[in-house]
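Chains as they are written, first to last, in our numbering: chain Y, 1 to 568; chain V, 1 to 138; chain C, 1 to 455.
Take these hints with a grain of salt, some might be off.
[Claimed, not checked] Covered by chain V, according to a simulated footprint, are these stretches of chain C (three or more residues, beta-carbon under 8 Å):
hint : region
1    : 39-49
2    : 120-131
3    : 150-163
4    : 294-305
5    : 433-439
[What the hints assert, rightly or not] Here are a few chain Y residues that face chain C, going by a calculated C-beta distance under 8 Å:
hint : residue
6    : Leu72
7    : Phe100
8    : Trp192
9    : Phe223
10   : Asn332
11   : Asp340
To be clear, the hints were calculated from the coordinates, so they are not data collected in a lab.
For every residue, glycine included, the Cβ atom is placed at its ideal position computed from N, Cα and C.
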Amino acid sequence: MSELLIKNGFVFDPLQGIKGDRMDIAIKDGKIVETNTLSSPSVIDAAGMTVMAGGVDVHSHVVGPKVNVGRLFRPEDKLFKSPFKTCNRMEMGFSVPSTFKTGYDYARMGYSFVNEAAMPPLHSPHVHEEIRDTPIIDNAAMPVFGNNWFTLEYLKNNEIENNAAYTAWLLRATRGFAIKVVNPGGTEAWGWGLNCDNIHDPVPYFDITPAKIITGLIETNEFLGLPHSVHLHCNNLGNPGNYTDTLDSLRLAEGYTPKNNFGRDQVMHITHVQFSSYGGDSWKNIDSQAKTIMDYVNSHDNITVDMGQVTLDETTTMTADGPFEHHLQSLNNLKWVNTDVALETAAGVVPYVYSPNVKVSTIQWAIGLEIALYSNDLMRTFITTDHPNAGPFTRYPRVIKWLMSRAARDETMKTFKWLNRTIESTTIDSIDRELTLYEIAQMTRAGPAKALGISNTYGGLAPGMDGNVAIYALNPENMPSNPDMIESAFSRCAYLVKDGIVAVKGGEIVAEPPKRTVWVDVKVPENAQVQRDIYEHFLRHYSVGVENYQLFDEHLHNPRVIEVDTTQ
Amino acid sequence: MAKKITLNMITQRSVEEGVGIVKGKMTPDYFEACSIIEMHDDDVKALGLVPNQLVRVTSECGDVIVKAVKGRQALYPGLAFIPQGVYANQIVPARTQATGEPQYSGFPVTVEPAPVGERRKSTLELVQRAVGMWKGDQ
Amino acid sequence: MAKKIENVGCPFCGVCCDDLVVTVSDDGKKILEVENACIIGSTVFHRAMEDRHALPRLRQPDGTYKEISYDEAIDYTAKVLQKAKKPLIYGFGSTNCEGMAAAAKVAEKAGAVIDNCASICHGSSFLAIFDNGYPSCTLGETKNRADVIVYWGANPAHAHPRHMSRYSIFPRGFFTGKGHKGRKIIVIDPRHTDTAQVADIHLQVKQGHDYDLFDAFRTVLRGHDIPDEVAGVKKEKIVEAVEILKKARFGTIFYGMGLCHSDGRNHNVDIAISLTRDLNDFTKWTIMAMRGHYNITGPGAVWSWQYGFPYCLDLTKRDIAHMNPGETSSVDLAMRDEVDAFINIGTDAAAHFPIEPVKHLRKHPWITIDPHPTMATEISDLHIPVGIVGVEVPGIVYRMDNVPIQYRKVIDAPDGVLNDEELFERIYQRLCELEAEDAAKTPAKTTPEGVRAGE
Numbered sequence: 001m002s003e004l005l006i007k008n009g010f011v012f013d014p015l016q017g018i019k020g021d022r023m024d025i026a027i028k029d030g031k032i033v034e035t036n037t038l039s040s041p042s043v044i045d046a047a048g049m050t051v052m053a054g055g056v057d058v059h060s061h062v063v064g065p066k067v068n069v070g071r072l073f074r075p076e077d078k079l080f081k082s083p084f085k086t087c088n089r090m091e092m093g094f095s096v097p098s099t100f101k102t103g104y105d106y107a108r109m110g111y112s113f114v115n116e117a118a119m120p121p122l123h124s125p126h127v128h129e130e131i132r133d134t135p136i137i138d139n140a141a142m143p144v145f146g147n148n149w150f151t152l153e154y155l156k157n158n159e160i161e162n163n164a165a166y167t168a169w170l171l172r173a174t175r176g177f178a179i180k181v182v183n184p185g186g187t188e189a190w191g192w193g194l195n196c197d198n199i200h201d202p203v204p205y206f207d208i209t210p211a212k213i214i215t216g217l218i219e220t221n222e223f224l225g226l227p228h229s230v231h232l233h234c235n236n237l238g239n240p241g242n243y244t245d246t247l248d249s250l251r252l253a254e255g256y257t258p259k260n261n262f263g264r265d266q267v268m269h270i271t272h273v274q275f276s277s278y279g280g281d282s283w284k285n286i287d288s289q290a291k292t293i294m295d296y297v298n299s300h301d302n303i304t305v306d307m308g309q310v311t312l313d314e315t316t317t318m319t320a321d322g323p324f325e326h327h328l329q330s331l332n333n334l335k336w337v338n339t340d341v342a343l344e345t346a347a348g349v350v351p352y353v354y355s356p357n358v359k360v361s362t363i364q365w366a367i368g369l370e371i372a373l374y375s376n377d378l379m380r381t382f383i384t385t386d387h388p389n390a391g392p393f394t395r396y397p398r399v400i401k402w403l404m405s406r407a408a409r410d411e412t413m414k415t416f417k418w419l420n421r422t423i424e425s426t427t428i429d430s431i432d433r434e435l436t437l438y439e440i441a442q443m444t445r446a447g448p449a450k451a452l453g454i455s456n457t458y459g460g461l462a463p464g465m466d467g468n469v470a471i472y473a474l475n476p477e478n479m480p481s482n483p484d485m486i487e488s489a490f491s492r493c494a495y496l497v498k499d500g501i502v503a504v505k506g507g508e509i510v511a512e513p514p515k516r517t518v519w520v521d522v523k524v525p526e527n528a529q530v531q532r533d534i535y536e537h538f539l540r541h542y543s544v545g546v547e548n549y550q551l552f553d554e555h556l557h558n559p560r561v562i563e564v565d566t567t568q
Numbered sequence: 001m002a003k004k005i006t007l008n009m010i011t012q013r014s015v016e017e018g019v020g021i022v023k024g025k026m027t028p029d030y031f032e033a034c035s036i037i038e039m040h041d042d043d044v045k046a047l048g049l050v051p052n053q054l055v056r057v058t059s060e061c062g063d064v065i066v067k068a069v070k071g072r073q074a075l076y077p078g079l080a081f082i083p084q085g086v087y088a089n090q091i092v093p094a095r096t097q098a099t100g101e102p103q104y105s106g107f108p109v110t111v112e113p114a115p116v117g118e119r120r121k122s123t124l125e126l127v128q129r130a131v132g133m134w135k136g137d138q
Numbered sequence: 001m002a003k004k005i006e007n008v009g010c011p012f013c014g015v016c017c018d019d020l021v022v023t024v025s026d027d028g029k030k031i032l033e034v035e036n037a038c039i040i041g042s043t044v045f046h047r048a049m050e051d052r053h054a055l056p057r058l059r060q061p062d063g064t065y066k067e068i069s070y071d072e073a074i075d076y077t078a079k080v081l082q083k084a085k086k087p088l089i090y091g092f093g094s095t096n097c098e099g100m101a102a103a104a105k106v107a108e109k110a111g112a113v114i115d116n117c118a119s120i121c122h123g124s125s126f127l128a129i130f131d132n133g134y135p136s137c138t139l140g141e142t143k144n145r146a147d148v149i150v151y152w153g154a155n156p157a158h159a160h161p162r163h164m165s166r167y168s169i170f171p172r173g174f175f176t177g178k179g180h181k182g183r184k185i186i187v188i189d190p191r192h193t194d195t196a197q198v199a200d201i202h203l204q205v206k207q208g209h210d211y212d213l214f215d216a217f218r219t220v221l222r223g224h225d226i227p228d229e230v231a232g233v234k235k236e237k238i239v240e241a242v243e244i245l246k247k248a249r250f251g252t253i254f255y256g257m258g259l260c261h262s263d264g265r266n267h268n269v270d271i272a273i274s275l276t277r278d279l280n281d282f283t284k285w286t287i288m289a290m291r292g293h294y295n296i297t298g299p300g301a302v303w304s305w306q307y308g309f310p311y312c313l314d315l316t317k318r319d320i321a322h323m324n325p326g327e328t329s330s331v332d333l334a335m336r337d338e339v340d341a342f343i344n345i346g347t348d349a350a351a352h353f354p355i356e357p358v359k360h361l362r363k364h365p366w367i368t369i370d371p372h373p374t375m376a377t378e379i380s381d382l383h384i385p386v387g388i389v390g391v392e393v394p395g396i397v398y399r400m401d402n403v404p405i406q407y408r409k410v411i412d413a414p415d416g417v418l419n420d421e422e423l424f425e426r427i428y429q430r431l432c433e434l435e436a437e438d439a440a441k442t443p444a445k446t447t448p449e450g451v452r453a454g455e
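Using the sequences provided together with the hints, build the complete structure.
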């Protein structure tokens, strides 16, 4: 079938330790192969360009009910902000783009895999409908567990095995990928308009602490041996002084080691850690504790983090952290959507403007960059904007520019109204570090793929892996003096090859190869008690029948199953 | 002199109308469910109506003949109700206050006893006649 | 041997009961019995087999209908769409999301306006949500937690018959083991409706004055005084009601057409949302629109993820979508004579629009896509029959709380009848063919770099 040879590029593949060597990449029938196996390939001349695996996003809100309400309730996010149609379908929206624009823009940036950050299990058919309409990129979606009544009840009674059986059932029912935990316990408390202020504050009625939920889920995750680890959005997120709560959460992972067959080395992923690294005790004296957090992360290799970089845009915040969004609307008085989801979770959505004229915004900007710049191991520190919370994913190239160029950071800081206050409250001005292309490849491909447990398929260029290759018009031997050129190169890749098919050429979409839904199917022993509990809760407390709750096969699109067998 | 009063009209769903639409808008069920008006007893008295008498209801944009019935769901004097659907929509003003939604509830109508010889028309006659497609008379 | 199909979703109202049991004949062609449904839902299933057509029907010069093939009907529809400057595709209350997605593809290709029944129903709610948000929950939350329920301008006893028993007033949930006894019910409506019969408090608001009453609620909630009577309701009653709202552990305000169809429209909903926001400073409150048809929430979801707008989408500009209710809403477009072709799908515009816009729309080609004859089919140029979603066609629908429910098929559609998705996919293909034919005739504009030709 089809053969493709990408010749003479500077290849960066941290999974194989390839650091910009000039070499060829061969693809046959959608997979990377040894170059000598091709007979008459079409050729892409990548001379003078940077070649990486297709990008892998560890955490982005791209499909599902809260993303969609973000689209629905913000017509102003479309007005004068949508590009004219150049592809098969219209592309609408800026901070919360339409599914089509999401797929096209990720492809233009050279990405091939995006992990949806939070799927409310009850809404899984909606998530899969949107995945169907998101072109080109492969998707997985993480169901949320941290406030699920089954989980709370099992973990309160230390029933890890039962919780594991339920987790396996729910992953299958929703065709989900991993265990997502958002403000554990706090979102259930929000059912009564309350919150859990720290990890030792027990959940109303359920009488279990967030700390116990987190450790119980880590134990569940490693009991099952899932590809990805527990993926945690910390308690007390977004508040001044919360770094101590974050450290408390991080310490919960001590003593746990990963058990899996997927090459994953961490037991806990802390997501958008920027939002959880604040010192001070009010918005007046908030300061950066990024160094404290990263000192801890650097010395504990069973942790991974992603940035959650503030991009200084008008955006739309959305999270399963219901009480946080309620707090946010009381600060900015903008429109507020809330959806409490029975027995499972909640969600809130509030528009937000991160402005260079606002001190807190610029401090947040600095904290995010410090997270990456203080990291000793960029295989464990990933680029995200917690899209669209801290900014849209389409700003990743700008984040890369800031990370690769002190001059670019200085240029941005010049626009800050409260520059001195920002410099006083952070250490950003004392950091000269500029990341390399290899480190960017770690943060955007190799690292996230490894953390997600999919590095045998995504995030690298070794033979046997998916034929996903991004080529950027950047010459590592002659990097542009103007850092804006870095941003534009990463915004519109020269080529994206997806499964061996050229999907993007010269920054434009030229084809839409079929996309996949990646999910994890865990085989566990029969568990009569869990079956009975599921039956009871659905009979008495759910609002849909258990037969209708579980995703029908016809609503799962082009699946790729990762199988885990715990019965062996 | 024929009596005539002005009322405030609302048109909304009734369960009978719901059953009627799924049975079909050309069925007797739908006809009986929708070609009616409910008013407060005071207004019925003011018009001097006997039970189930036909009345003509006229709004700013049309009129319709319906049957005055005593409903289960009490209104206050001055308020009148016709179930949503073909009959109500002969008189619902299309003005939307720039929202897209017509004035289905809260528009002034006059109600008077129907002239002798007037009848409730079928749904088909009302709609086809409105667009010039009614051939039933010939 | 008849067989029982369980967990069947009901294709009538936005309550989307998914616990129906339908008994069908052995050959899978007849519905024999329907259990658990309300009177309307059960009628939907029983009437499914009656009064059906297996072929499209085209209006003849003498006013009668003549049967034609699906191919001919698809060709006719594609040509109408192609020829029209501003065609309108409207309806979608009664089809699945797969059909809505396919229809949007057709609308985008043809450069049409695409709109759904929310336009004349809960469209005002969208306008209010754009301005003020929507603090809501799923219906299971209400069932498990709520101790105070408000129905404002809504009459579920008639419009959503099982709403009160499944989700709000009567069910025993996790934290609500006492069911009805543990709940306070407040109904606000100008009529003493059948819903008001089960209320602890009925406030008979003066029609069209809901905004005033909401304002009074907010004022009292904030600790200020109000006049002795507001919107026809005595001060003591308002104060009493507000106290109940304030003391709730968890409350839900369900509101309906009483707000959206009356003077004020979106402003009534806007202040209802503001009241809900205010109440969240005291305790937990949520609000929910009583969406009418079983999948009228669907197009708002599908088109939001496809275009970012829930309704009134003007795709005629071809490069970006545009939405401006009042301008791009179906009734207003019709009244201004702006549309020059009309496709009515999964609704009956001829019955449910005021008659004036129907007259305007009828000046141009009118195509109706519906399983059954309706008022619209009786004035159409073309009627294309389709399978009934939830009876003959499976698919995803969105309940009034935005929860997706997977609907099943219980019997076969009449032989040869397409479903909405298949029909729109074929119209799309035909449009592509016509476009290609046109392009061949006129040595044309070059396709811009990067555009992918065809499907």
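Hint numbers not upheld by this structure, sorted from lowest to highest: Hints 4, 5, 9 and 10 contradicted; others consistent.
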